[in-house]
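K.L.:
All chains, please: the whole structure from these sequences, using the hints.
So the sequence lines, in the order shown, correspond to chains X and U. Under the working numbering, think of the first position of the first sequence as 9, with each following residue one higher. Under the working numbering, think of the first position of the second sequence as 1169, with each following residue one higher.
Derived by calculation from the structure, the hints in this document are not laboratory data. Some clues are possibly wrong.
What the hints assert, rightly or not - Covered, in the sense of this in silico footprint (three residues per stretch, anywhere, with C-beta under 8 angstroms from a C-beta of chain U), are these stretches of chain X:
#1 35-41
#2 65-77
#3 80-86
#4 91-105
#5 159-166
To be verified - From chain U, some residues computed to sit far from chain X (all C-beta separations above 12 angstroms):
#6 Arg1220
#7 Arg1246
#8 Trp1247
#9 Glu1251
#10 Gly1253
#11 Trp1257
#12 Leu1258
#13 Pro1270
#14 Ile1278
#15 Gly1285
#16 Ile1300
Bear in mind that the values here come from a model prediction, so they are computed numbers and not experimental data. Don't be surprised by glycine CBs; every beta carbon is placed ideally from N, CA and C.
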Amino acid sequence: MKKKEQQNMPAGQRAGMVEPRPPFLLVLKRSSRMFLSMAPLLVGIMGLVGLVQTLVTPEMLALLFRGRPVTDTLVGTLAGAAATGNPVVSYLLGGELLQQGISLYAVTAFVLSWVTLGVIQLPMEAEMFGFRFMLLRNLLALGGTILVAVLTAFTMQVLS
Amino acid sequence: MSREERRSANGPPPFRGRLFLLLVVLAYGVLFRHDASAALLALRRGGLLLLRLLPVFAAVILLIALVNWLLRPQQIVRWLGRESGVRGWLLALLAGVISHGPMYAWYPMISDLRERGGRDGLVVVFLFARCIKVPLLPLMVDSFGLRFTLVLGLYILAGSLVQGWLMERLQR
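P.N.:
This is the structure we're talking about:
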């Protein structure tokens, strides 16, 4: 149907019709603008990541573990949440910690929370999704990380 | 295209998080006064991270555009909204497992989907399922063994779904 004919139709009739798809370039431009509006948040996060990576080294994180499974699991969760960077670092560091005799519970919690929890990105998460969502999501992820770590390590003990 | 649409497509974007960025800049300033070399190293690391993530950002922008172009709001609600059912949970799990890059790179896309009717439970599933990093699986197997990787992967998938379900309960 021609555009002019559509415009001459009664509003009720027009409402039932499927709107034509906008040009892809326009949609791409809108998406780019939307993403660009987050630029200060993203640049701020990356600046913060640079700061934490410089001030908190993997060696400092490894020193936090004391060889006690229960407290080490909590320490591992919190250290992983505070740390930042490529998950590869957490795998390599986790492997080292295991060789040093740190429990699998703690190492699993550390590797998991490295990816799923992030103290650094909390301000951005709150800004974008609201404080309540950020709080609930992170509390669930915190509980989930500890539970998954404990279940995984326990299952490994049973299987071996 | 309406005048409003044209204005929103051409005008300057409404920046978010300017105060946060200012605080980070201040933190750099303080560090620079105390230890200039550490501040420069941090700045270099942040800059390199930005460069490394540019392709991920480009991919996310393209993905947001494709989703908005291909799917109408009713379809997004049907796939990821209240009535999405099992398909929504599985889609969120799959998207979480195959998504690449840091979590915060995906926030703009998640925010966009939430505004269009996406469920919070599915967002939680997506974000926790990202613990499984497909390209890094060989390294994980090498560091912790195949059995550990499989057990952990299964618990992560189950844990994602439980968290998503709990989020839906808490949001009611």
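K.L.:
What are the numbers of the hints the structure violates, in ascending order?
P.N.:
Violated hints (numbers, rising): 2, 3, 6, 13, 14, 16; every other hint is consistent with the structure.
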